[in-house]
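Residue numbers (my numbering), protein chains in the order written: chain U, 1 to 294; chain V, 1 to 294; chain Y, 1 to 255; chain P, 1 to 255.
Fair warning: there could be bad hints in the mix.
Derived pair list, reagent style DSSO-like, types lysine-lysine, alpha-carbon separation capped at 30 Å [unchecked claim]:
| # | chain 1 | residue 1 | chain 2 | residue 2 |
| --- | --- | --- | --- | --- |
| 1 | Y | K138 | V | K188 |
| 2 | U | K244 | Y | K247 |
| 3 | P | K60 | P | K148 |
| 4 | V | K136 | P | K138 |
| 5 | Y | K138 | Y | K148 |
| 6 | P | K148 | V | K251 |
| 7 | U | K188 | U | K244 |
Sample of chain V residues with no beta-carbon within 12 Å of chain P, all distances over it, derived [said to hold, decoys possible]:
| # | residue |
| --- | --- |
| 8 | V8 |
| 9 | N10 |
| 10 | G11 |
| 11 | H13 |
| 12 | N24 |
| 13 | Y102 |
| 14 | A106 |
| 15 | R177 |
| 16 | V198 |
None of these hints come from the bench; they were simulated from the model.
Backbone N, C-alpha and C fix where the C-beta goes; we use that ideal spot for every residue, glycine too.
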Amino acid sequence: MSEVVATVPNGAHIALGGFAIARNVITIVHELIRQQKRELVVSQGVAGLDTDLLVGAGLVSRLIIGGGSLDRFGPVHCINRARETGSLLFEDWTSLSLCFRYLAGALGLSFIPIKSLIASEILERLERGPGAGDVKPMQCPFTGETYLALSALTPDVSFVHVQTADADGNCRIDGPRWENEEQAKAAKRLIVVAETIVPTEEIQRTPERTIIPGHRVEAVIHQPFGAHPTAVFGCYDYDAAHLKLYVEHSKRAERIGEYIDTYIRGTKNHPEYLERAGGLAHLAALKADPVLGY
Amino acid sequence: MSEVVATVPNGAHIALGGFAIARNVITIVHELIRQQKRELVVSQGVAGLDTDLLVGAGLVSRLIIGGGSLDRFGPVHCINRARETGSLLFEDWTSLSLCFRYLAGALGLSFIPIKSLIASEILERLERGPGAGDVKPMQCPFTGETYLALSALTPDVSFVHVQTADADGNCRIDGPRWENEEQAKAAKRLIVVAETIVPTEEIQRTPERTIIPGHRVEAVIHQPFGAHPTAVFGCYDYDAAHLKLYVEHSKRAERIGEYIDTYIRGTKNHPEYLERAGGLAHLAALKADPVLGY
Amino acid sequence: MSEIRATEIMVAAGAHELKDGETVVVGIGLPQIACFLAKATHAPGLTPLLEIGVANMRPKDTPVGLADSRIFYRATCWSGFLDVMGMNLHRGIVDTGFLGALEVDRFGNINTTLSREGGRLRYFNGSAGGNDVASLAKRVIVIMRHEKRKLPVAVSHLTSPGFVGGRARAELGLRGGGPHRIITDKAVMGFDKENHSATLVSLHPGVDLEDVLANTGFPLQVPDVVPLTPLPTAEELRLLRHEIDPKSVYLGGVG
Amino acid sequence: MSEIRATEIMVAAGAHELKDGETVVVGIGLPQIACFLAKATHAPGLTPLLEIGVANMRPKDTPVGLADSRIFYRATCWSGFLDVMGMNLHRGIVDTGFLGALEVDRFGNINTTLSREGGRLRYFNGSAGGNDVASLAKRVIVIMRHEKRKLPVAVSHLTSPGFVGGRARAELGLRGGGPHRIITDKAVMGFDKENHSATLVSLHPGVDLEDVLANTGFPLQVPDVVPLTPLPTAEELRLLRHEIDPKSVYLGGVG
Chain U
1 MSEVVATVPN GAHIALGGFA IARNVITIVH ELIRQQKREL VVSQGVAGLD
51 TDLLVGAGLV SRLIIGGGSL DRFGPVHCIN RARETGSLLF EDWTSLSLCF
101 RYLAGALGLS FIPIKSLIAS EILERLERGP GAGDVKPMQC PFTGETYLAL
151 SALTPDVSFV HVQTADADGN CRIDGPRWEN EEQAKAAKRL IVVAETIVPT
201 EEIQRTPERT IIPGHRVEAV IHQPFGAHPT AVFGCYDYDA AHLKLYVEHS
251 KRAERIGEYI DTYIRGTKNH PEYLERAGGL AHLAALKADP VLGY
Chain V
1 MSEVVATVPN GAHIALGGFA IARNVITIVH ELIRQQKREL VVSQGVAGLD
51 TDLLVGAGLV SRLIIGGGSL DRFGPVHCIN RARETGSLLF EDWTSLSLCF
101 RYLAGALGLS FIPIKSLIAS EILERLERGP GAGDVKPMQC PFTGETYLAL
151 SALTPDVSFV HVQTADADGN CRIDGPRWEN EEQAKAAKRL IVVAETIVPT
201 EEIQRTPERT IIPGHRVEAV IHQPFGAHPT AVFGCYDYDA AHLKLYVEHS
251 KRAERIGEYI DTYIRGTKNH PEYLERAGGL AHLAALKADP VLGY
Chain Y
1 MSEIRATEIM VAAGAHELKD GETVVVGIGL PQIACFLAKA THAPGLTPLL
51 EIGVANMRPK DTPVGLADSR IFYRATCWSG FLDVMGMNLH RGIVDTGFLG
101 ALEVDRFGNI NTTLSREGGR LRYFNGSAGG NDVASLAKRV IVIMRHEKRK
151 LPVAVSHLTS PGFVGGRARA ELGLRGGGPH RIITDKAVMG FDKENHSATL
201 VSLHPGVDLE DVLANTGFPL QVPDVVPLTP LPTAEELRLL RHEIDPKSVY
251 LGGVG
Chain P
1 MSEIRATEIM VAAGAHELKD GETVVVGIGL PQIACFLAKA THAPGLTPLL
51 EIGVANMRPK DTPVGLADSR IFYRATCWSG FLDVMGMNLH RGIVDTGFLG
101 ALEVDRFGNI NTTLSREGGR LRYFNGSAGG NDVASLAKRV IVIMRHEKRK
151 LPVAVSHLTS PGFVGGRARA ELGLRGGGPH RIITDKAVMG FDKENHSATL
201 VSLHPGVDLE DVLANTGFPL QVPDVVPLTP LPTAEELRLL RHEIDPKSVY
251 LGGVG
């Protein structure tokens with residue numbers, strides 16, 4: 001685990017597979033913070049606790065996101081504060097435009113056309129900012145229709161948290177998958193964190209459920225409750241109490257450090273973090289109902 | 001069934017979801033022949049018995065395919081003969097280029113770039129033939145790399161044979177799916193033939209297996225053995241005896257009519273065809289082993 | 001039956017805009033509640049889509065947001081952005097996009113990115129799928145609280161385009177039909193076919209015109225005759241209060 | 001043990017070209033047999049892909065073709081063209097493309113579309129994924145029968161590009177590395193780094209140079225020293241005959 005994260009160089013472009021408060025790669029985020037990585041470029045469709053923490057801990061120099069939210073628990077305070085103070089390069093995109101950029105990367109295309117972003121201030125800001133080189137108006141060679149061309153997004157390392165994988169990295173993702181597949185397959189390196197490791201025979205029973213085939217995966221990390229305090233459909237619900245506690249800290253620049261010291265820098269690894277976050281008894285209460293999935 | 005096929009106008013561009021001798025929409029093909037449709041444009045990744053029959057019966061004026069085969073049972077004789085005699089407009093593409101053209105259609109893009117076809121005689125012939133308006137060299141707006149732009153392919157009606165659907169048209173496809181998803185979602189109208197109809201509650205148990213959501217589907221036709229004599233993974237194997245018999249007829253221009261009269265024009269509907277093709281006892285022998293899937 | 005809440009009038013008005021058989025991309029909160037209400041009443045064949053990759057969900061518990069597993073319970077399809085936003089929305093088959101907003105201006109431009117309260121810049125969630133939906137859906141319905149500062153002449157940040165600068169959508173290079181309705185706790189607004197500027201469609205019962213005009217930051221076109229917004233029926237209220245949002249997670253406050 | 005068949009030498013030679021850990025798109029027939037042999041011996045970490053959307057299949061029965069359910073038995077992933085041909089091949093991560101052919105010329109151009117026997121034009125299966133694989137894989141291996149008419153100076157139809165006109169791949173605008181080996185029932189051929197023309201790599205035991213030259217339609221470059229193609233080991237023969245193709249569906253005749 002820590003060895004895997006150690007292979008991520010400072011300044012790397014990492015992509016995270018979480019969405020708001022669902023399937024965040026908390027295991028990875030915590031370890032990146034413990035190892036005090038610097039100058040990271042982070043891309044993600046809709047940022048959640050994962051990226052908010054990385055920004056709060058000061059690891060990020062540039063953000064490429066379509067949005068950010070902790071759902072009803074509040075906004076991504078650290079990210080928004082960083083924008084307000086201009087402490088990092090910020091690229092504001094949309095869910096579909098980032099998905100298309102990852103898709104282009106996954107397909108080995110250097111660009112892809114799109115019909116959104118057009119006539120918006122999002123585009124104006126991209127054209128004035130660090131994203132200027134990644135958007136360009138173009139015409140369809142056949143119809144002449146005007147599109148916005150987007151450059152492909154190919155992260156150095158993509159991290160995704162899944163419910164089920166085998167030792168070879170064949171991954172199942174249950175519930176909606178937002179841009180997980182395109183993001184994972186666009187990346188130069190792919191690292192998976194799985195709640196459950198199953199034998200390959202189990203994967204072979206329903207190969208149509210394999211969203212990411214093993215030959216694309218560099219490493220599989222087995223970490224139950226690896227996305228806590230965010231939710232993993234079919235495994236456990238989000239930890240409302242812990243999310244409230246997090247927002248209490250993230251709200252103020254001077255308090256986020258407290259959270260990071262207590263729960264991340266103050267713990268050696270994810271199991272220790274889980275202990276500090278309430279331990280087995282507390283986690284047991286979050287376990288998903290097998291029928292409901294939450 | 002026959003009402004559904006009756007809604008397909010002469011001259012329509014139809015796309016078929018079969019591949020060689022797997023999951024051909026035989027039910028649909030037979031009915032198109034019984035209704036003596038004319039001037040059809042047919043597109044498909046890799047043509048099989050389905051399109052070979054339509055060409056053999058003289059329904060097709062233009063073919064847009066990436067290849068054709070009946071696997072070890074032989075080539076697609078009717079299609080190849082039509083090319084040799086020049087009796088129809090023929091566009092020769094590749095698996096990926098057609099998949100990309102359907103993908104563009106499915107995404108609402110009027111074009112998509114690709115790095116295959118380049119420097120081949122396939123491209124030369126397309127540029128000289130009816131496909132001339134659908135390929136054009138272009139540069140990436142960012143890297144300047146040269147691509148071949150392909151126009152989107154949006155069939156008037158797409159037909160796909162699936163293992164499982166519910167009454168609303170939510171479809172599962174087991175086994176490999178070639179270009180089924182992109183083709184189905186590129187089409188203006190989508191008609192599904194299913195081996196088994198399950199209650200929606202069953203679809204809701206594993207929504208991650210729904211490849212085509214119901215709101216995209218205009219009609220669902222329930223027809224067990226609807227793909228006979230081709231194979232449907234998990235349901236039944238191809239009918240080797242019948243395929244040999246078909247090839248015996250398709251080999252010679254003067255004999256294909258015999259097959260069509262006996263098995264298609266000479267039968268009122270698919271159940272009657274199945275009777276003539278050997279009936280229950282014969283079909284029972286083709287049923288798939290639940291573990292092997294064939 | 002207790003007094004009808006403004007939120008209940010809003011979601012009923014939203015529901016009445018949706019036709020049976022439509023495909024609708026819904027945002028979290030009141031849009032989703034309105035969609036479920038329509039589906040439970042006159043539009044059983046409606047297909048609600050969530051940008052994250054969900055079709056036709058039938059939640060039994062009220063979710064706290066788009067990433068809450070509760071919202072995709074009993075869906076008939078789980079996919080991702082590429083299917084919902086790409087192969088449905090960008091494909092051009094989404095009839096209605098149903099959104100919330102921080103600010104909406106006279107031309108239906110939407111801001112979900114930032115606010116400038118007392119000169120201080122504050123950032124919010126950004127677009128996520130909002131800009132994509134506003135750009136590509138055949139029509140867009142916004143549901144929000146009716147406040148002068150939330151309905152300015154021009155949004156402080158144009159996150160999602162309406163009739164930008166009062167121009168036609170085709171002129172802007174956009175495929176989608178653009179803004180259709182703004183539904184607030186006081187009124188329902190639409191857009192003028194000619195000048196694309198906001199016009200009053202109906203007033204909620206008990207709300208007078210002056211109140212609306214005083215609380216609207218942009219010049220609102222008012223027709224000679226302004227009908228009343230139909231109240232939710234008793235059955236609609238029962239569904240909202242006992243089945244769709246029994247804990248008043250969304251109907252409690254104005255989203 | 002019965003006499004070693006040419007097909008067995010061919011698939012063994014093909015298997016020896018594949019390294020452990022590689023990703024390989026395989027065609028039906030001898031390519032797939034060679035791939036399974038490599039996986040069963042020195043390359044357990046090899047990932048075979050089928051264009052139709054299959055990864056890492058482990059068939060127990062011999063299929064009649066690419067559309068035969070037998071070939072995708074015990075796969076670890078079922079997807080489609082978009083994943084295998086798009087997100088693997090077009091993405092540039094496929095190490096080897098392993099194909100059959102009707103004709104291959106001195107520059108490794110492949111014809112799978114038509115033949116001109118006695119002036120009569122006959123059409124065959126066309127490209128399917130062949131052109132895509134030849135255009136995009138890092139290197140391409142062709143396995144076929146060694147006949148003068150099947151190895152002409154120039155193919156009668158250039159279905160899939162090699163070093164077209166003897167030009168470098170980059171010059172042609174192609175991303176993939178191009179032809180690497182032609183494996184026949186008489187010899188193994190490669191391509192000259194400079195002029196990109198076919199060169200002899202090894203002769204199968206018992207085949208003499210004159211035989212090869214007499215049965216090759218194009219001028220074949222011959223190095224001073226021509227090694228012998230290693231014969232399959234006893235273990236490789238056992239695997240081929242008893243596990244991989246026990247019914248000799250493919251090993252019976254030269255594919």
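Going straight from one Cα to the other, do K138/Y and K188/V come out at no more than 30 Å?
16 Å, holds
Run the C-beta distances from R177/V to all of chain P and say if the shortest one exceeds 12 Å.
4 Å, violated
Are the Cα positions of K148/P and K251/V separated by 30 Å at most?
Within the cut-off at roughly 27 Å; holds.
Compare the distance between the alpha carbons of K60/P and K148/P with 30 Å, and conclude whether the hinted pair is satisfied.
36 Å, violated
Taking 30 Å as the top limit, are the C-alpha atoms of K136/V and K138/P close enough?
25 Å, holds
Looking at A106/V again, its CB stays over 12 Å from all of chain P?
Check fails; 10 Å does not lie beyond 12 Å.
Measure nothing beyond the straight line between the CA atoms of K138/Y and K148/Y; if it is 30 Å or shorter, mark the hint as holding.
28 Å, holds
Taking the minimum C-beta separation from N24/V to chain P, is that value above 12 Å?
9 Å, violated
Taking only the CA atoms, is the gap from K188/U to K244/U under or equal to 30 Å?
36 Å, violated
Please verify that the nearest CB of chain P lies beyond 12 Å from Y102/V's CB.
9 Å, violated
Minimum Cβ distance from G11/V to chain P greater than 12 Å, as the annotation requires
25 Å, holds
Status of H13/V, Cβ more than 12 Å from any chain P Cβ:
Holds, because the least Cβ-Cβ distance between H13/V and chain P comes to about 20 Å, which exceeds 12 Å.
The structure fails hints 3, 7, 12, 13, 14 and 15 (numbered hints given earlier, in ascending order).
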